[in-house]
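Asks: Now for the letters of each chain:
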Amino acid sequence: MEKIGLIVNPIAGIGGKAGFKGSDGEEIYREAILRGAVKESGQKALLAVRALKAAGAQPTILTCPGEMGARVCEAAGLAYTVIEVPGAEVTCPVTDMPETEAGETALTDAGCTTAADTVYAARTFLRMGAALILFAGGDGTARDMLDAVGEAVPVLGIPAGCKIHSGVYALNPRRAGELAAGYLQGKVRKTKEAEVMDIDEEEFRRGRVQSRLYGYLRIPDGRGMVQNKKSGSRYSEQGAIERLADYLADTWDEESLYIVGGGSTTAAVMRRMNLANTLLGVDLVYKGQVAAADCTEQEILETMDRYPFAGVKILVTVIGGQGCIFGRGNQQISARVIRRAGRENIIVAASPDKLLSFLGSSLSVDTGDEEVNRYLSGYMRVLTGYGEYTVMKVSD
Amino acid sequence: MGYVKKNRDFHQARWDEPFIMEMGNPGERGVLVPQASDEVKKVSGEVSELIPAGLKRKKAPKLPELSQMQVLRHYMRLSQETIGTDINIDIGLGTCTMKYSPKIHEQFVRMEKFQELHPYQDESTVQGILEIMYKDEQYLKAISGMDKVSLQPSGGSQAIFANVQTIRAYFEERGEAEKRDEIITTILSHPANPGTASTLGYKVITLYPDENGLPDIEALKAAVSERTAALMITNPEDTGIYNDRIRQFVDIVHEAGGLCVYDQANLNGVFGLTRAKDAGFDMCHYNLHKSFSSPHGCQGPGAGAQCVSEKLAKYVAAPTVEYDGEKYYLDGDRPKSIGKLRMFYGVPSVLIRAYAYIRTLGADGMKQIAELSILNNNYLIKKLLEIKGLSMPFAEGRFRMEQARLSWQELTEETGVTTDDICRRIVDYGFQDYFTSHHPRVLPEPFTPEPVETYSKDDMDEYAAAFAAIAKEAYSEPELVKGAPYKAALGARIEEECLTEWGKFATTWRAYKKL
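Quick note, the sequences are listed as chains A and B, same order.
Residue numbers for the first sequence follow the working numbering, so the first one is 55 and each next one is one higher.
Residue numbers for the second sequence follow the working numbering, so the first one is 60 and each next one is one higher.
Don't read these hints as lab results, they were simulated from the structure.
Glycine residues also receive a C-beta, built at the ideal position from the N, C-alpha and C atoms.
Covered by chain A, according to a simulated footprint, are these stretches of chain B (three or more residues, beta-carbon under 8 Å):
no., stretch
1, 258-264
2, 267-274
If the Cβ cut is set under 10 Å, some of the chain A residues that face chain B in the computed set are:
no., residue
3, 105
4, 225
5, 409
6, 440
7, 442
8, 446
Please build the complete structure, drawing on both the sequences and the hints.
Replies: Set out below in structure tokens:
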């Protein structure tokens, strides 16, 4: 019988309803409780687990004690195995507030569980041979999962946090359960890389949105069931990326210096060129070789100075829910680099599915230099397949 | 007084039929072909010797061996497992224009005089069909405003393909073919436009709609250049929204030196109201089986018409049908032509129906088609949008022409029931499943009805009532909808991967056996 891991971040989302932009940090958490916030992530996990059960999947559920999972399984009437998680054992004081269906209590005290518990549990489930790990939380929890298991095992997020910019979450809790069931039953066999995005919460509370690409988790590829899948083309996203990688490889200009930004789309291009790649960094390619890997802005500028290149091309993809081309995960390709390369030498490549999530809105740039942002704004072609482009609006 | 039947207690036949390839027994025969008599053999020799050695099979083909009755029963059973336009209210296949195809047309195409024609007959013996084709062309010239028409394409996509070939031929002659290697289209134009352009080696530049729901004109201005070969665009788009800036689109592309191609596969919304040439287009095409009424769907016979302006006339697919004042003839002597698209000219059965359709309706009748289609659609939308969970989110407030793309997104978010679930459930009510959207799905959980001109108010009320009933089910008993269909011939659900993964689908028996 297939094993599935279940982790509930009990405090995920608690900051949201109290008017905070996240739930990180003990102070925020305490303040949220004082403002009367109630934990809801268990309820959301319960919806997912019920959907899993309704879909006829009968996996062995590995989970954490108490609010980190066991109570949810209990409420859903599913058999489960609890692992020991230091920290999750601490019982939070019960107040006169009634328990929710998922066995959550309105808390008067902080603490109980931490990010370290999520990491610990996920690694334990991986070791125990879980085929999939379901986790309820937000972007912060996704980052914890990234730290814990990376792409070693498929995972799937049950959306419960304040901020969901990451693409690892199902559209809603029920879809999470259904997709997990589909995966366990072999109806959905493919998995795909999904972005783990998070923003700097301190900056965000001050009103500045600064999100970052932290890496990729592997999720079941359920069309129309995961977030950021507003579009749902019938054809595989991976196929489109392979075709655009083929196109770039076929039209690659050996005499030009290529500045290749981070992300899984550009990684696919590097793979197609048989070149080593830095997933979350900037690599330089010249004459079919990696001239420099994981470069800083300074290193890029120095390389541009050093050789008399016939041309310079910048290859980037679209990152995250805000559709950022520059400024998220590729700050090394700075305003100075962009100015020197020239707008006409920028190649933006992304799958049609990804672009469709920006229909009705625009892509963005945030180079930190307003003049360059303006220079980049307007309309830009985005390569979406073999010689196929979509014209996208870019706002500064 | 109208009536609304909410449930006709429909139940389709369900036969667990094997593939015909798996049926029969060795030696069973449907027809016993008599041996040639000695007298005949004397003249012909051994029949098997008449076939050149190179064409002879080494092994007999693995065909199923069955009697006539078994074959008949098999196909009659399969026929009971389909839902055709003639037995249901076929409003759901938006963009397909499932209008009534007058039965008298079937008498015309089944006439012996027509059935027994052969494309290798001498022209002098097929003047009748050539005259019909020629006159079809003349009518289509009047309807499109264009100067030359070829009826050679066997369907809409082939007509679009012919138009892209014409683009290339035009620029080749001007010595610009290499430079002009980009074709611009819109995300809501039919996928055959980027598809054919791509097939012929063009780069494809796609435009998204702006905040008004129309293709972004500023994006077009940014996209055109000396590399632009053409604009290929549908109007109204799949959403039913008419692009009233179309003339500006055409002018922008013309100023850049490009050609403009109008995809008029579905003409119903603008039949007799607008003409491609008047909007400045250089080319257009029609799917004659749609707006000009032929039974279609299930890969049934289609026919395409390629229509071009004077300056492109010499490039159209050859041969063309011409008339010298005395006789009709096929003109294959067209040196600048893009050549043959297929072995023989046109799809005569569809061309005969189109001829009858045009002659019956006349110019005023055609205009009425557009007016009625638009009226019907707007009535139906109003009825459908009363249903909880169904909305028309794109370009709100904009007028819809003959079809509309609706969305079940709200219902999906509230109940978990998706458009694909509803698509299966509607079959339990005795309706054909509906068309969601071309791909990619620009709108979430899409549904694209098109009531054309032939459905009555009662029909539309009944159709809308079925969806209202399903929406109610979704809110009260979502699992019922998700588990559908229960009364259809096909009960099992196909894994989506079997439709999208190269390694998992087969289009021939031999490929299937290999899986």
